[in-house]
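Chains as they are written, first to last, in our numbering: chain A, 1 to 479; chain B, 480 to 1500; chain C, 1501 to 1742; chain D, 1743 to 1925.
There are no misleading hints in this set.
Reference excerpt, derived from the structure (chain A facing chain B, CB under 8 Å, subset only):
no., residue
1, R65
2, P75
3, T136
4, G137
5, R138
6, L141
7, W144
8, L145
9, Q157
10, R159
11, L162
12, P343
13, S404
14, G405
15, F408
To be clear, the hints were calculated from the coordinates, so they are not data collected in a lab. All C-beta atoms in this analysis are idealised placements derived from N, C-alpha and C, irrespective of residue type, glycine included.
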Amino acid sequence: MQETIKPPMGTDAPLIEGKQNYETITEKIGGIVLKSPPKIWYPLFALGFAGTMVMVFTICWLLLRGIGIWGVNQPVGWGFDIINFVWWIGIGHAGTLISAILLLLRQQWRTSINRFSEAMTIFAVMCAGMFPLLHTGRPWLDYWLFPLPNWLAMWPQFRSPLLWDVFAVSTYFTVSLLFWYTGLIPDFASLRDRAKGKIAQLICGTLSLGWRGSAKHWMRYESAYLLLAGLSTPLVLSVHSVVSLDFATSIVPGWHVTVFPPYFVAGAIYAGFAMVITLAVPFRMIYPQLKDYITNHHMDMMAKVMLATGLIVFYGYMMEAFYSFYSANQFETYMIENRFWGPYSGTYWALMICNGLIPQLLWFPRFRHNLFWLYGVSMVVNVGMWLERFVIISVSLHREYKPSGWGFYAGTQWDWSMFIGTIFFFVMMMFLFARFMPMIAIFEMRDLWHRLYHGKSGHNGHAPAHVPNSAEVTSKEDA
Amino acid sequence: MENQQERMDLSQIREKLDKAKEGGLWRSIGELAERPEFEEYLHQEFPRQSASLGDFVNRRQFFKLMGASLALAGLTACHRKPQGKIVPFVKAPEDMIPGQAVFYASTIIKNGGFGVGILAETHEGRPTKIEGNELHAASLGSSDAMMQAEILNLYDPDRSQAILKFGRIDTWKVFWEEAFTEAGRQKILKGAGLRILTPNTTSPTFIRQMQAFLKEFPQAKWYQYDPVNRDNLYEGARMAFGSPLMPVYDFAQAQTIVSLDSDFLYEGPAAIHSSRKFSEARRLREGMERMNRLYVAETMPSVTGSIADHRLRAKPSQIASLGVALAQAMGVPVNGASAGELSEAQRKWVEAAAQDLKASGSDGLVTVGDQQPAALHAIACAINAFLQSRVTRYIQPAEFNPGNNLNGIKALARDIQENTVEMLLILGGNPVYNAPADLKFEELIPKVKLTAHLSRYTDETSALCVWHLPESHPFETWGDARAFDGSVSLLQPLIGQLYPDTRSALEVITTLAGVSKLPYDLVKETWAGRNIDKLVHDGVVPNTAFPSVSVSVPESVSVPSGSLPSGSDTEIAFLPDPLIGDGSNANNTWLQEIPKPTTKVCWDNVAYMSLDMAARLGVKLDLTKQSYPLMEVKVGDRTLVVPAFPLPGHADGAITLHLGYGRTRGGQNGSGAGFNAYTLRGSDSMSMASGAELSVTRQMYPVACTEAHHVFDFGTGLKSPTDYIDSSNARPIMKVGSFTDYKKDPHLPDHHHHAMEPMSMYAERNYKTYDNPDNHKYAWAMVIDPQVCTGCNACVAACQAENNISVVGKDQVIRQREMHWIRVDRYYKGPADDPELNFLPVTCMQCEKAPCEVVCPVAATVHSEEGLNQMVYNRCVGTRYCSNNCPYKVRRFNFYKYADYDTPVLKLLRNPNVTVRGRGVMEKCTYCVQRINHARIEAKKENRRIREGEIVTACQQACPAQAIAFGDMNDPNSKVSQWRKQPQHFVMLEELNVTPRTTYLARVRNYHPELAPEEHHAGDH
Amino acid sequence: MPQVFKKYHNTVARVTIFGGLFGLVGLVLTASNVSRSSYVTKAMVPLDQPVPFSHKHHYEELGIDCRYCHWSVEKSAHAGVPSTEVCMSCHSQVWTNSPLLEPMRSSMASGVPVAWNKVNDLPDFVYFNHSIHINKGIGCNSCHSGIEKMHLTYKSQAFSMAWCLDCHRKPEANIRPQGEVFNMYYKPPKNQEEVEAMMKAHGLTLKPGEEMPTNSAEFGKFLVKRYNIHVEQLDNCSVCHR
Amino acid sequence: MAHGPIEPQYHGVMAEFETPEQVMEAAEKTRSAGYKQFDCYSPFPIHGLSDAMGVEEAKVPWAVFIGGFIGALSGMALQIYVNSYDYPMNVGGRDDLSWPYFIPVAFEVTILFAAFSALLSMLGLNGLPRPHHPVFNVPEFARASTDRFFLCIEAQDPKFDLQGASDFLKSLNPLSVSPVSND
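Model the full assembly from the supplied sequences, consistent with the hints where possible.
Structure (structure tokens):
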């Protein structure tokens, strides 16, 4: 994992490394799809597939036996199921943030990682979406959560935050998918035009919808893309806010917290960036050509975002504790005392270390620029964010109002196999994505390269600003 | 007439049962009268597992699963309701209306042979629910958990159905041939080799038949034995008054009650009666000036101890010392015994009790537990006589041959040892399991040539007898029994024999005697001269209670040396299990799963001990896994390994073991549950043993305890949970106080509760009026009075029976998935080793602003116009969000398919008016909405309003202490409105502003000024 | 060669998209219609019975009151299915040798009841009570419409929850005087004269402050009020589910 | 200049350029030469190219706004209809019309409708999907999605004639000029 970091480091590093031109960009990124994968891909994919089968098996057993196979119980009605749901949804948020918010903020460094993180969003939301659907006692009746006209004359109950979840998560998934696919259309056109095999041409041709790069099309495309980004931004903020409302609108001490929406959104971004780093580092190793586009600059930026959101989250923890005491409400006070000193205090302090303490290393460029450390910190944050949901959801439930209704909670083997199974499913999907779709938005990279090196004179430059570039050497060969 | 009609139904049921074996017909019995019966439509393809639900998959399950998973989607989609059938009567019984329940009176036989009158609700000939019989002295309309669960004993799938010889199925014909041959031989010997062992009985008909039988066989002997018996009580009375007499107390009038290890509100034949009468005196009324005072000295916290004003924990051997000290303090001379050294607390307790007793004079009484030595009973008799207590009277015992259980079983053992027994009939009972261990009955029984054991199960004794004879359930037979006061009630069959080969003891003995009369005729004969139809209808035989026997005040009590226990550092108290009794209810899953009243343990017996003792022994718990260390208990050469269980309030220097567990042949649920304390119990240590050696092992054992979670928070920095029970301290959960405080300010203000103006975005809902002329809405509400609640769990059992509540098994209880809709919360107050116990029954609170409803995404739980928090099982998808958001945690979830859909006989048990919930569905109390609907429909048909008291919820109906009021709070005259107006009325967690419809009164103790606990919450705010 | 597709592929693309959309809508419509069809609900489908009993013959042609056979309909949740004895009380006199009635005769002789196929089979979690409907003026044929014309019995409704709720929300549309409950030919009075006649026939008089209903809708409302039916409460869940 | 006959076998004439700046310049010249029906093709969006071509349009934002508006209304209307009108229930004592509870779902539906409008209006206005297009007939056009920039004057332009357009395009100094067959 140790990688020799060459200067320049951090944000001094370029956004695109090496000698590049339109052709090399297209070839390096598109080539991954059009050529056979590196050998390591097969065992890794197989591993992901095997783990996914564990998940499938768990789901079958769950449907046959009921959710009693999980560790949930009377006071703690939600355990791993909703913890994992919130965790995965949170991870998904970084993708949308990178692709939408950073686009609106005109952050150029987003270009290399947006496609990748959008895929992550979609797969994370798939993993997340599985849990609310399966956590019900009678999953075969989940369609009752949708307002379908029916013969019972019964409708969903729209005052329930759980129903808001249904709409928020399904909208989020749909819009993320639309956004992702919109971005993929021109790249599929590139692949269509570069593919050698007939089948690849047909598939890519179909998926590209006949994209031909017309200027009029680009104009509407850019407009639509920007609008989608603009829509995704409030959406992504609303989704985790709605998820947090599951808790905030309830009356459980430890759930009934007004600070939850912003705190959850920050936590989501925090976890999401950690996951992007967790994925980017190994993918750069599997596909070395990606190092040209996902550079140390990107790693540094992501580390900084993590640090910033981590501080917001940590502020949230402080506020939770502060208001619990400040409220002078014995239940709230007990809730935080129980987190501090109760039976699950271990998880609380582990959470503080994982999410509060260790990420402070990122203040130091030494740690930000060392992929080994960066990777380590991001893994710690992934764990910490899971613990945070455990503390909020299960530890709050296990001791709330009436001592006679108190209890304990621990996940069973099936909780773990479901959780780990979704991780493998996620990994499998990421490998499938890497194999069959361009991991970086090719057309946007071309655009970025053009802006960085080719069109320095400005993008409405009427005079062809021909900036000689070392990358141009190869273009002559094609002529 | 009854008889005629009964048989008609029964033949129908029988017929169906026979056909059930061919399959498919069980559906139709439900639809016998076009009834949408039990089954919620549920996915039948999902396999049902037995009660223990393991989570691990084995290889076979794996393949099944893989196959099933392929077909899963298709199967669930293609579910089709099978064609239902309607099977009408061939000849309809005259006054049976299908769909309308009919109530029949009968009697339940409790330990010792005492009867408690019941009314059984029957649906199309199958009893489904037991209620108390108001006309019966021992019931007064109430019941207890064991009575409620008796209905499950009737339908127990493990009941013995076949007559067995050496374990192989045989016939009655062969048995009778053998029996008559041997009896013929015995007749010549005048029955010298014939012994009959039965439990104690009070049945006049049975006693008459036995006596007739014994006339034929004058040398034969009839012994009675119950492992939990009243030998000491009668012996004590004999010591004091010269003859065995039975004390009857008037707790309604008593002003000072001193109980020396007597759990009179829970144990014994008069428990329900006592509980009712005690609660009448105890209930707070506005302007109340005087309240009775209850002193209890006991080893382990009992139901009675929990409601005591002054509970003193004492080792079993110390109880007698306290009795002696009390007698001496009262000036009652006791010869041959001294109180010995008393601790400061004991001395103060004795002094206060003596002072109060003297002050109360004839309104004072002392009662002693059956397990205490006879001499202590004698002392109590003397004190009561000395007080000229008018609240204590003595009557003839109702049992036949009272007080000779131990003598009887010893004599039988001796007879067998001496080889004088050639034919032994054991009609009920289970001596191999529960006879004193030193008699070694398991070795004795095989020595007898012809042994026959009549019992409802093929139990430990059946296994060793030549013949096992299946016994009818009392609900299937005719008979009679006396209550504690001697009054007689009748048994009538509520259902035909479920299994054709079962017989009652009465039938067996009459057949053997050659009397060819049916049990009904025998009962009729016994009560000749009375209107038998009316007796059967009422269930009770009037004017049969025994008159009081006048006793003289003994000049002094002489205690023979050695008759009071000497005691040791480590003693064992043997008590019957509060729910499964002496073990005869071991296979009753309801009773197994209902938490024991004071300890909240279920499915097991454990060694209860004080916290100090647990610390001394090095007992370390793993509460997250609910594991307790196993401990070896050694008394003499007998040992038992049992989990060590620290219990606040238990006496130091002793452990308490409950009898009745550790069955080896106790049915699929009774076998293997718990540990057999009988193995430690010899004929010299029937109720207590001293000199036990305890050694805690490192092996852990999971114990299902529904309220262990918060009791011990050892080693954490948290406040002790005992701080959270006191309303004035932290959590506004219970209002507790002293009678002195109450007299000062009946509102018992709590210092932390600040009334808030509730704010709402929304207008208040109208729960008052309808549009129509009769526009007064019903607003159902419940008030529970913890002041009189003893925590006996009758309500829990009644609710379980009424609402088809599933049993989940020990493993699931450990995983905190018990299903009871009403639970009795136990809160401690005071020091951890010796706290006061407070009980608070909690049902669904039916909050008007219910937090559960808002969060349900499918509107499966919404409010009705009458203010009920409705739960629609068929709509529920099972998100469990409602339960998370319920501050009272009263919702219950079917994590698995807990309901038994498959066992045919259990289908007869179900209340047809309540849905049997399937897997993945939330459920909870709905104030017995089926009863509300029934009453509403009946009232509407008659064009009238529902009358006050017309709707009685199951819990309310069962409650012996009448601690629950239910009714329309819009009616200012209803009981519930009256209770809500009480000054000490309070709302649990009121500050949440969920406006629950179930509210509470305060719990007030009447402390002796010298003993009142120091108020320790003065500086808390 | 960038041209991967043929010209007609453009058409294919459009057809796929729009066809897919219409297909989806069509599928949903088909599924919802099939699930409501009598194939699934068995409404209007006569079931085979051990004896081909004709309600038309017994009610319409012979004029036997409903309650002669369904004797507990006024008292109990269940209407009551006649015992063999009830059937044989007539059929021991008439049609004594009819082969169709052989199952009844053998049932009477053997004591084994006849197992009828259940026609109106509500789900087990629905607690329907006949007596309260009968007592509050809901006629037999409000639910079992056309029963008087049925040679073989079938359910005339699918008994969907929406159908039940329709009446529970607006009982005035179906309510009739209590005396007309067992009249399968009841027609609601259309105008004031008919209303007056109907009220006279059933001894209904106006209370002070009430106005004479002038049409069937008003008459329905009048009866709802007179029978003290709390309409607000009727669509509460626990009225039918518990 | 005589109008050449519309030659149906040709979609137009296409010139190939190497840089975005060249195609931008070519577009301006084409426009100033009076051509109306022409289009440029590039492997990535070139800012200012549509201005250079003289194309202006804002239909997509309007579609998104209308879509979002319909979404907001229908989201709210659905909830009010089902929970307050069709089967109003007493849910925890809240009003039948407890509209604040309905905001989150209405918001999500707004976004959903708007997002669909964005993508669908973009595709619809662009006439996509259109897998077959005459421009793909030009072999050089394969690089239009990688590193070449094209300008195609279409035959529908009133000023179009094959020769004239080809000559005009050649004057723009392209890498190549080729007729675009219509087949």
